[in-house]
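Top line first, the protein sequences correspond to chains R and H.
Heads up, the first sequence is in the working numbering, so the first residue is 23 and it goes up one at a time.
Heads up, the second sequence is in the working numbering, so the first residue is 175 and it goes up one at a time.
Note that these hints are calculated values from the structure, not bench results.
Virtual Cβ for every residue (Gly too), placed ideally from N, Cα, C.
Incorrect hints may have been included.
Unchecked claim - Computed list of chain R residues with no C-beta within reach of chain H, every gap over 12 Å:
no.	residue
1	G74
2	G124
3	G147
4	Q186
To be verified - Derived Cβ-Cβ restraints for the label pairs, each shown as a range:
no.	chain 1	residue 1	chain 2	residue 2	range
5	R	A108	H	T392	43 to 53 Å
6	R	E171	H	A554	15 to 25 Å
7	R	R143	H	N391	16 to 26 Å
8	H	A674	R	E140	31 to 41 Å
9	R	E171	H	A409	17 to 27 Å
10	H	G525	R	N190	30 to 40 Å
11	R	N190	H	L524	35 to 45 Å
12	R	A102	H	R575	20 to 30 Å
13	H	Q608	R	A108	24 to 34 Å
14	R	A108	H	P819	42 to 52 Å
15	H	F844	R	E171	45 to 55 Å
16	R	N190	H	F594	51 to 61 Å
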Amino acid sequence: MRLLRPIIAIGICLSLTLGASAQALDSSDSSEYLIKAGFIYNFAKLVGWPQGAFAQPDSPIVIGILGTDPFGGIIDRILADKQIDARHFVIKRLKWGMDLKGCDILFIGSSEASHLEEVIRSLKGLPILTIGETPGFARRGCIINLIVEDNKVRFEVNLDAAKQADLNISSRLLALARIIPQPTADAR
Amino acid sequence: MSSIRKNNVTLMASAGRILLAGVLAVCPVANASAAGPGNPQNVLDPTQLSLEDLMNLQVTSVSKRPQKVADSAAAVFVITQEDIRRSGAASIPEALRMVPGVEVARIDENKWAIGSRGFNGRFDNKLLVLIDGRSVYTPLFSGVYWNVQDVLLEDVDRIEVIRGPGATLWGANAVDGVINIITKSAKNTQGGLVTAEAGSEERTAESVRYGGKVKDNTYYRVYGKYFDWYPSIDATGATASDGWHALRGGFRVDSNLTTTNSFTIQGDIYHDNFGETLTVPSLTSPTFASTYPNNGYNSGGNLLGRWNHSFSRSSTSLQMYYDRTNIADPTVFSDHESVYDIDFQHDIHLGESQELVWGFGYRSIQDTNGSSFTVALLPAHSSLNQYSAFLQDEVSLLDNRMHITVGSKFEHNPFTGFEFEPNVRVLGTLTKEQSVWAAVSRAVRTPALTEEGLQLNEGVIPPGAPPLNSPLPVVEAVFGSPLFGSEDLLAYEVGYRVQATSSFSLDLAAFYNNYTNLRSAEPGAPILAGNPVPSYVVLPFVASNKMSGGTYGIEPFAEWKVLPRWKLSGSYSFLRMNIHKNADSLDPTPDIPNGLSPRHQFYFRSSLDLPKHLEQDLMVRYVDKLPGLDIPSYYSLDLHIGWKPISQLQLSFGGQDLLNSKHLEFIPEFINTLPTQVRRTVYGGISWTF
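Please build the complete structure, drawing on both the sequences and the hints.
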């Protein structure tokens, strides 16, 4: 008897929530990293890498995730069977100090904030699209920086950094971006 | 017995009605907005969406939970801002009820017993609590004044709770857990916020916050809050004297002066008035005790500054704070504490796979107290100096799949001298989705002021009462002792985490703790007391270190995102305590199986996002009986509904403890404060941002 009441209570709660949720489904809301994974896929489509950045026409696009990984398994699942032209995606988890040069896209986690300049410097001149999600990263030399404002994802682009990486960013992408001015002297 | 059951069934039914009303109220909205039969399996594929579409999506979980938790070799649980809002918790203690392995029991409206992995009590001394890096663990009794540990809950970024020892980083007293309450940067609290709340238990609560920008990269906020709680009811159902009201205010300034330097300066000030019913011993016949409503207050304030500087491969942090706490319980005890603290920390990345952290700290504590017949603490003024240093190294091996952390804290305190608290932690990544960890650590709980110099008169045995048959009244008293030493813990922990599918995760932690030198109360030689002629006998029980034993437990926590907008989570906590007196102990109190902590606890929580910016949360919680206190087990059901009709306005309403009209959760130790009942409550609130 003592156990029955709570079980009934849980049952009622469950059935009510189930009932309500079956009615409630629509996909206008979603988790932050699902959306951010979608952004990264779109960036891969809208950024042009220089000739020679890929060895073969079907060489994969290598996405490195540097530092603490906020995606969990989301990005792997989302990009598992996707391809752009003939290129599949390969996702790598990386830690500061490891070789970053094999990436085409490098997602730099917030955990790397203290040595971002050094990460950026180590990639100098390489055609790697750096993507951050931490306030100030674009100003500090990251090419694209995702920001969440009013529960929506926005992004900043540092054109100077893109030019140095020899990446061609489509005008469609730029039209939606917030352009970050050239880095000032104190950022060096 | 049967009337109680009948009563509960009716209550159950009424709880059901409340629930039903809540859900029905939102259903028509749901029907209206669903554009046809939804497919529950249809999880969003963001690659099918354009950038424009993605930019229009609402982010529902800005939570950072997956980050640090997933790669720490410790039992960590994070309460996010969203968790706090959706739980309807009105205070930090109430929010802690959702943490696996943590016990929260309310004593009366303004007092709680909170513990982690056992040893729960109003004066639990094995849990360290920090607010923005400031320790709020009082050196007076090695515990926490929970009624004054408060911030604007809307400004909390997250509460990180580590079960098990955290002594290597946080030092002595982080024995069974560390609670880190972390508020948002001022940059993230820009603009204004006004909130108002009222309920059947909380008479009123209002808060105001405003955040602005001083110049580029320098932000501030100021806040004030006031609340007033009705008194609850005692065991007989009569109105108790435990109402309380409090006024608090504070500020925070955050500045990124340059890309490598950031500063935080923050401070708070508060004043609480609280009531309680006290029973204190007295030498007056015939009762030899007096019971009366007692009104006291707590006040205080703090000021903290922190400077972070980053170099290319390392970063430093320098933090200083001052914290003042005043307790005035005029008929029993008053105390004024000032704490000055300075801490330095340096994180260094060494080569590819090593991260070294070291630091040192100094803390100065000044205490002045006023005594009564019930509680006396000697000396009346004391000054303590504590020094500490720590070193910890994390090494990554096997292509980053294994992380080993080795480190120790070294401390010096005036009571027991030098202490060290080493640990070894190993984290292994089995697959992308699975990791295991294990740790062995030592922690110590250093003596509190009261354990060195207290005399607490607990009760009086009337003259002539058997078995003593003393001609004079006998006062049973708890004494501190300068010989009292540190309590020691050697803890063994293991854990396993799995992200089984993209929507289901499980976090499992298990531990075995071996304690030695725990506090006992050894009888001493009776003392004749009274002035000018001896009029009573004091029977002392002196703090000593003659208890030991083991505890073990397991704490699974699971989260299942059934649908993108519907999340279920649940946790179970099992705790077994086997603490006993040593063979040479003469402590007459019987060993209590499982102490004052529940053996089983579990909860189940459903968080649902409905269209039209409605959210609904349900939580069912079970807490096992406390045989040592004769407190029965209980279930509770909390419901919360939030609605954000426009982006500036948030409405909320809900109910707590809907299954029981009232229940007792705890009976406090040492000080005889009357415990009161936790009642079924309803509340409503509004918050406006501008």
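Right, here's what the structure says about each hint:
1. Remark: the non-interface label on G74/R is consistent with the geometry, its nearest Cβ contact in chain H lying 27 Å away (cut-off 12 Å).
2. For G124/R, the condition that its CB be more than 12 Å from all CB atoms of chain H holds, with the nearest at approximately 14 Å.
3. Taking the minimum C-beta to C-beta distance to chain H, about 19 Å, the non-interface status of G147/R holds against the 12 Å cut.
4. Every beta carbon of chain H lies more than 12 Å from that of Q186/R, the smallest distance being close to 18 Å; the non-interface claim holds.
5. A beta carbon spacing of about 50 Å between A108/R and T392/H agrees with the range 43 to 53 Å that was offered as a hint.
6. Distance hint for E171/R and A554/H: a CB-CB separation of about 56 Å, inconsistent with the stated range 15 to 25 Å.
7. At about 23 Å, the CB distance of R143/R to N391/H agrees with the hint of 16 to 26 Å.
8. For A674/H and E140/R, the Cβ-Cβ distance of about 37 Å falls inside the hinted range of 31 to 41 Å, so the restraint holds.
9. Range check, E171/R to A409/H: Cβ separation about 52 Å, and the 17 to 27 Å hint is violated.
10. Here the CB-CB span from G525/H to N190/R is close to 36 Å, well matched to the stated 30 to 40 Å.
11. A hinted range of 35 to 45 Å for the beta carbons of N190/R and L524/H is consistent with their spacing of about 38 Å.
12. A beta carbon spacing of about 22 Å between A102/R and R575/H agrees with the range 20 to 30 Å that was offered as a hint.
13. Look at Q608/H against A108/R: about 33 Å separates their beta carbons, and that is inside 24 to 34 Å.
14. Between A108/R and P819/H the CB atoms are about 49 Å apart, so this pair conforms to the stated range of 42 to 52 Å.
15. One distance hint, 45 to 55 Å for the beta-carbon pair F844/H and E171/R, holds here, with the actual separation near 51 Å.
16. Separated by about 58 Å at the C-beta atoms, N190/R and F594/H satisfy the suggested range of 51 to 61 Å.
This entry does not satisfy hints 6, 9, going by the numbered hints stated previously.
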